[in-house]
Amino acid sequence: MSTTDRFDAIVVGGGHNGLVNAAYLAKAGLKTLVLEQRHVVGGAAVTEELVPGFRFTTFSYALSLLRPEIVQELDLVRHGLMVLPMANTFQPGYGGEYLFLGADGHTNYHEIARHSVEDAEAARELSHGVARAARALKPWMDRLPPTPMSGQPEDPAAIDELKAYMAGLDPEVRSLLESFAERSTAEILDEYFEHDLVKALYASSGIIGSRCGPRSKESGLVWLFHKMGDYDGVPGAWGFHKNGNGGFTQVLARAVEASGGSIRTDAPVEAVRYDDGKAVGVTLADGTRVDADLVVSALDPRRTFLGLVDPGDLPTDLVRHIEGFKFQGTAAKVNFALDGLPQFPGLEGREDIYRGFTNIGPSIDYLEEAFADCVEGRYSRRPFIDCCVQSTLDPDMSPPGKHIMSCFVMYAPYHLADGDWDSEREGLGDTVQETVEEFFPGFGDLVLHREIVTPLDIERTIGLSEGNIFAGELFESQLFFNRPAPGWNQYRTPIEGYYQCGSGTHPGGCVSGGPGRLAARRILADRGLGS
Amino acid sequence: MPQTPRTTPFHARVAPLKQTGIWKHWSGYLVPPSYHFSLNHEYYAIRNAAALLDTSPLFKYRISGSGAEAFLCHVLARDVRACRPGRAQYTCWCDERGFVLQDGVILHVKEGEYWLTAAEPTLRYFRNVARAIGSAVEIEDVSLDYGILALQGPRAHDVLSRLTDDATPLRFFGACSTRIAGCDVMISRTGYTGDLGYELWIASPDAETVWDALMSEGGDYNLTPMGTTPLKMARMEAGLLLMGVDFQMSRFAWVDEERDTPLELGWSWMFRKLDSDDRDFIGRSAIQREMEGRTSRWKTVGLAVDWDEYEAVHTEVGLLPPRHEIYRETTMSVYRRGDIEWDYAGYSTSFATSSLLRKPLAIAKVPLDLSEPGAEVDLELSVLHRPRTVLARVERLPFFDPPRKTAAMGGDS
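Taken in order, these protein sequences are the chains called A and B. Numbering follows our numbering, in which position 195 of the first sequence is assigned residue number 195; successive positions increment by one, without gaps. To convert, take the position in the second sequence, counting from 1, and add 1000; that gives our numbering.
Everything labelled a hint here was simulated from the structure, so no lab data went into it. The model shown is predicted, which means the values in this text are computed figures rather than measured ones. You may find that some hints are simply not true.
Unchecked claim - Partial list, derived from the structure: chain B residues whose beta carbon lies under 10 Å from chain A: (1) 1019; (2) 1025; (3) 1143.
C-beta: ideal position from N, C-alpha, C; glycine also.
Extracted from the complex, chain A is given alone in its bound form (with noise of 0.2 Å):
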C-alpha cells in the first residue's frame, strides 16, 4: 500500500466522457491519469473481436450526439475521426410489407406514400418540426446547466436568460417542444399519421434504452432526445464510425495521449480518497494509490456518489436522490457474426436495405406489448430490435462475404419478476433470433455466433448500474436542473476536487461527449485555467 504516482488529475473511468474530459484537462497543461478496469478503454463505446475476423460493437453501436465542438477542439480528425453514413433505414412489416427510407426526400415520399399519402406529406413536416425544436434545444445542450440553487449570481442569470430564450422562440417551436415534454410519441404520431408501419418507424426513437413504451407519457423526450444530434449536418440523422464506436473511443485514446494524458487499463478504482472534504487520490482495486487533488468520476451517479465515497459523508438530501435516481436499464444487445446477409422476401439480394438501421416492430401495439412484458418483469416474448449490419457499411467488421450484426433489444428488465439474466440469457437469444427469423426468414442458418449482453451482463462487465446505457434515465425529472440532482447538475460533488463527468451528468447519455466537455469547462474554470 503505498503511493506509486501522483498526477494533477485522475479520471475514473475511460468511457468516452472520461477520455473527453481528460483529453480537455491534459490539453490544458493538467498531467492526467486516466483509470480504466478492463482491458480496453470505451466503456460502452468498444469493439471487440469475439470471433477471428468478426467485430462486435457489444453495446453501444452508433453514433450521432457527438458535440461538434469536441471534433475541432480535441482535433480528432488528425487522431482518425471517420463517421461513415448510415443514410437508409428498413422496416420490415408482416407479410412482405417494409417501409425502406433512404437519403433523398422525394424518393421517401414516394416510399410512404405506398402505404399513405397522408402520411407521406406529414413525415416531412414531422422531420421539420423535430429538427427545429432540436436545434433549439442545442444552445442549452452545450452549455453548463445553471442550478436555482448554488447562491451564485450567474445562475439565477443565466435562468432568466433561458426564461427569455424560450419565451422569445417561434410560438410554433414552443408548442412542439411543450408537445415533446408533456405528450406521449405514440399521441405525437397519432396527429401525424395514419398507417401503422410509418408510425412504427417513428415510435422507436421514443423508447430507445427507456423503461417507457411509446404510449407512455416519457417517451416523447426521450424521442426529441435521439433528435439531438446530426450526421454531417443532416438533423436527427446517424452515423457509424469506422471500427464501431471502440474505433471511435480509440479516436479519444489518441487524443488523450497526444495532449501528453496517460491511461492505465486493467486498473479499477476502488475509492476516491478524500481528506478535510478535499479529493486528494484514489486507491485501486490492487491497492495502489494513486495522488492527485483533482479526481473526475466518469461513473454513474450511483457509483459516483455511493460507490467510490462514503455516502455518509454526503449531504442527506444528495445521497436521497441518489438512491432514488432512475436507472431500471431495460435493453440488451444480441450479436450475431453470420455467414452471409439475411434476406428479406421480396428484396432478396439488396444489401442497401441494411445499410442503416433496420427496425423489428412494426407497430405501435407491438411495442407497446413488448413493453407491457417489461413491466411484467420479463423481456419481451416478441422484442423491438434496432439490428446493424455494420459490415455493410465498414469491410472491416468481418471476414470477407460475412457479415457482423448488432441487435439492440427491449425489453430486457433488469430487475426480472421470476429467475435471474444468467439462467434467461440463452432464451433472450434464442426469442431474438426467432423475432428475427420471422421477418428475415433463413436468418438462423446464417448465424455462426452469437452474444447475449443482458443488463445483468452491461452493470457487470461496464458498471453501467442496473444496465441502464444512458447511466440513468433521460426523463425529465432527471435532465438539466436534475441531472443528477438538484443543486449538483454542476459537474461538482460536495467534496472539493471530485467532479462529476459521466453520462448522468448534463446533457445525458449517448456518445455526444458533451458531460465530458463541460465538466472539463467546469473545472478549468474553477480551477483558473478556463477561458
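Assemble chain B onto chain A, guided by the hints.
Frame of chain A; chain B shown alone:
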C-alpha cells in the same frame, strides 16, 4: 423497386429520344434536363416552333363536392370564384401569417369540380383545413392517374388543332375536355413559358398514345421534345417564379427571412379586388394589414443587366462576356448604387442570359424604394473569380410577353 426514382407515364417515349444520356430527378421522377446537347435548340422551339414537355411529376389533385368552391375560397388566397367552369387560374395559398405556402394552377373543370397542380404535396394540408372547417368537399390525390404534357410555342396551336378542334376557341387560361387519338384529354391554354401554349391532362394508360399523336402531327412544325432547363430559361423571361428557387414554402422555412408574402413576390394583382371580396381566406388579415400598412419587406422584381457594363467587366480582364446558355439558381447580391460601397440591398434568386432578348436577366428581391421599373441597382458577379458589380435596371415583368400568348386562335375569342 424501392429507393429508385419513379418514371412518368411517358417514360417509354421520352427515354429513347434523349440524346444527352442525362437524367435528373424532379420530385422523385426521372426527367431529362434536356434531350439535346444544345439547350438553345429546345429553348428556341418554345419561342419559334413548338416544344413538348413532360410535366407529370407535378402533384395533381381533384377537389369536388358541393362545398368545393367554399373550401377553395377559404384555402386559396386568390379568389377562385373568378374562375368559372371552363377556366383556369394561377393561384397561391398562404399560411395564417400571410406567407406563401405554394403556388399552382387550378382548372375549374365543371360546376363543383376543380383540378389543381402543385409543385409539392398538399393533400394532407388541404384535407386538414377541410376537416377543420367541416367542408363538404372531397380532395383526392390523382397524381398517379394522369400524365401531363405541356405543348408550348408559336406553333402549339397548329399542332394541337390537327388533333382536335376544341383547342381553337380556348382563350388564355381557358380549359375544356376533348378527345385526342381516341383518348379523353383535358386541355388548358396555360403553361410555364410565357408563350402560346397548352397543357394536357391525359389518363396515365393513354399517355403514350397521345404523345405519339402529338409527335407525329408535330413533325411538320418542328415540334421538339424539351427538358426542364430550357423550360426554366423561358419561365424567367416570362417572369414566372419557381418555388424552391425564387421563393420557399413557408412550411419548411427556419426563419421568416426565408418566407415571402404574395405581395413581396409581386402578386399584389391577385388582390386587386380585395375590398369587394368578402372571403375569409387563410392569411387574409395579414395580407390586408401588409397592403394597408405598406409593410412589405421587399418586392420581387425583374432585373435587366446593362449590357455595356456586363461586357466591360469581362473584357477589362481579357475575357469574353459569357452569355451562351447560362441559367443559374444561386443567390447573387444586389447593392444600392451611391456613395457607400457594397451597400447591400437584396439578392437575386435566378439569373440567365437571354439569347432572344440579348441581355442577362435576373429575378431579385429589392427594397420597396428600389422596386419601381427603371430603378438602378448593382448586381454582383464573379468575374475571373473576383467580385464585381454591374448596373442592372428594374424592369416590369414579364421580360418577354408576345401577343400570341393571349391572342385569339380563331373561333370565338
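To see whether the hints hold, each was checked on the structure:
| no. | hint | in the structure |
| --- | --- | --- |
| 1 | 1019 | violated, 25 Å |
| 2 | 1025 | holds, 7 Å |
| 3 | 1143 | holds, 8 Å |
Checked against the numbered hints given earlier, the structure breaks only hint 1 and satisfies all the rest.
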